[in-house]
Amino acid sequence: MKLSEFSFELPKDLIAQYPLKDRAQAKLLVLDRKSGTIHHHIFYEITNFFENGDALVLNNTKVFKARFKSYKETGGRVEILLIKKLGEKLWEAMISHAKRTREKTRLYLNKEVFATVKQKRGTRCILEFNELTHDMIKKYGEVPLPHYIRRDTIKDDEEYYQTIFAKETGSIAAPTAGLHFTNEILENLKKKNVEIIEITLHIGPGTFKPIRTENIEEHKMEPEYYEISEQAAEKIEGARRIFGVGTSVCRALETFARKKERSGQADLFIYPGHRFKIIESLITNFHMPCSTPLLLVSAFAGKELIFKAYKAAIKEKYRFLSYGDAMLIL
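The sequence shown runs contiguously to residue 330 in full-length UniProt numbering.
Note that these hints are calculated values from the structure, not bench results. Just so you know, even glycine gets a beta-carbon here, dropped at the ideal spot from N, CA and C. A couple of the hints might just be wrong.
To be verified - 27 angstroms max Cα-Cα, derived DSS-like pairs, lysine-lysine: (1) Lys-65 with Lys-99; (2) Lys-138 with Lys-84; (3) Lys-12 with Lys-155; (4) Lys-138 with Lys-209; (5) Lys-34 with Lys-12; (6) Lys-155 with Lys-84; (7) Lys-89 with Lys-65; (8) Lys-111 with Lys-85; (9) Lys-120 with Lys-12; (10) Lys-260 with Lys-12; (11) Lys-84 with Lys-167; (12) Lys-308 with Lys-62; (13) Lys-259 with Lys-62; (14) Lys-34 with Lys-85.
What the hints assert, rightly or not - Estimated spans, in silico, between C-beta atoms of each pair: (15) Leu-330 with Arg-151: 26 to 36 angstroms; (16) Lys-89 with Arg-240: 41 to 51 angstroms; (17) Gly-238 with Glu-103: 47 to 57 angstroms.
Between the sequences and the hints, there should be enough to build the whole structure, so can you do that?
What follows is the structure, encoded as structure tokens:
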């Protein structure tokens with residue numbers, strides 16, 4: 001299967017640059033796989049599509065302030081994106097201007113706090129900080145907005161680029177389909193006897209990693225840590241119908257279905273031809289052309305139906321990507 005088959009023209013003005021003040025006021029495109037029909041709603045109406053005994057599975061990962069502005073002793077500016085903590089002072093990270101940044105270079109967050117480049121591989125490196133506490137990350141770090149949001153971070157991002165059910169710190173990107181949920185929506189679902197189930201998948205840079213092979217089967221996903229509690233697994237097993245919130249939930253559950261392990265590394269690449277074992281309905285945002293999330297939703301609903309839905313969304317001026325509108329695939 002060729003990557004070029006998943007290309008489409010996304011108008012730049014449809015890439016959402018700011019969040020809605022009211023999360024639940026996002027548009028909701030509802031795509032029915034059986035009938036092929038498309039209907040337009042507002043996200044707060046999503047409760048109408050649930051029935052007694054259904055389950056909603058959420059990713060409770062929490063985004064941390066992973067982006068830092070630093071400077072070299074020479075004065076050059078370098079942006080740091082922390083990926084994963086490797087030890088007390090060691091972090092895997094991505095840095096800007098990597099070709100001009102040598103190993104052993106010091107990157108200063110301020111006069112007292114700095115990181116030394118220990119190992120470098122492309123834009124990836126191992127950084128050793130002289131000190132970097134949790135409080136320092138909160139103080140000096142910035143919300144790691146995706147590259148397609150072309151503005152500086154603002155105070156509102158600390159609230160809106162985080163789901164209301166975020167608990168487990170570890171992601172450098174939000175599970176964006178979950179951003180639309182409010183406490184009121186979750187309470188209304190509970191009143192309908194819908195089981196709310198939380199699992200964890202920490203989203204890393206692989207989410208934004210472009211596919212560089214024309215044959216999509218040759219692409220490899222970066223592993224991301226997931227965890228599903230025994231109680232969550234039992235509830236999923238007993239649910240009437242599973243609504244997955246976002247591609248991260250989908251990858252975690254489908255990995256679990258294959259490996260039979262409740263925690264570990266999710267590196268499953270889902271593209272058309274994949275047979276889903278757990279997810280029966282999917283809530284998701286609108287994705288980039290030729291991206292791994294687009295391939296996942298194409299696997300779930302069929303490429304033809306997804307492109308029909310995307311054409312309708314563009315016509316109706318839906319907002320795309322992280323701060324954009326939502327789709328419910330039934």
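- Query: Which hints from the list above does the structure break, by number from lowest to highest?
  - Reply: Of the numbered hints, 5, 9, 10, 12 and 14 do not hold.
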